[in-house]
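Work out the full structure, taking the sequences as your base and the hints as a guide.
In our numbering, the protein residues as written are 0 to 129.
Hints may contain errors.
Distance condition first, Cα-Cα at most 25 angstroms in a straight line; then the derived PhoX-like pairs of lysine-lysine [to be verified]:
1. K12 / K74
2. K44 / K11
3. K69 / K129
4. K69 / K52
5. K52 / K74
No lab work stands behind these hints, which were simulated from the structure alone. Remember, it's a predicted structure, so these values are computed and weren't measured experimentally.
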Amino acid sequence: MVNSDEFSDRLKKVMEYYNLTASAFADRIQVQRSSISHLLSGRNKPSLDFVMKVIDEFNEVELYWLLIGKGSFPKTATSPLPQKQNIPDQPKRTLTDKPIKFETASENSRKDIERIVIFYTDGTFTEYQK
0 MVNSDEFSDR LKKVMEYYNL TASAFADRIQ VQRSSISHLL SGRNKPSLDF VMKVIDEFNE
60 VELYWLLIGK GSFPKTATSP LPQKQNIPDQ PKRTLTDKPI KFETASENSR KDIERIVIFY
120 TDGTFTEYQK
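Take a look at the structure:
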């Protein structure tokens, strides 16, 4: 889980490294300026969307360092990714063209699954859409 105070400190380090004010940082990653203020004060925790915008915009920021402080900043050429836990590789599965149907316990109506996202421990994910 992300510690708000520690995340805030790491976010400040990123802004200092790139010599950006909170407003300029918000503009670079295309978020509202108030979002930065709320994160820096510890009022809010970062969303996945926010974290991905930072990672995409600033190449020197490592995902694990930003989220939990593991790794280094700025990124070094030899910075290893955290070791993968002993989880057996899952086979890649594909969805059929036919939508998957399921019934909920509270309703008797059928619903289509639109999207499935699987998050892996190494920070990657696989998204399946119909």
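Quick rundown of the hints versus the structure:
As the CA atoms of K12 and K74 are separated by approximately 13 angstroms, the hinted pair is consistent with the 25 angstroms bound. Restraint check for K44 and K11: satisfied, since their Cα atoms lie roughly 14 angstroms apart, inside the 25 angstroms limit. Distance hint between K69 and K129 is unfulfilled; the C-alpha atoms sit about 36 angstroms from each other, more than 25 angstroms. Proposed proximity of K69 and K52 is supported: the alpha carbons are some 19 angstroms apart, at most 25 angstroms.
Among the hinted pairs, K52 with K74 is consistent with the structure: their alpha-carbon atoms are about 17 angstroms apart, no more than 25 angstroms.
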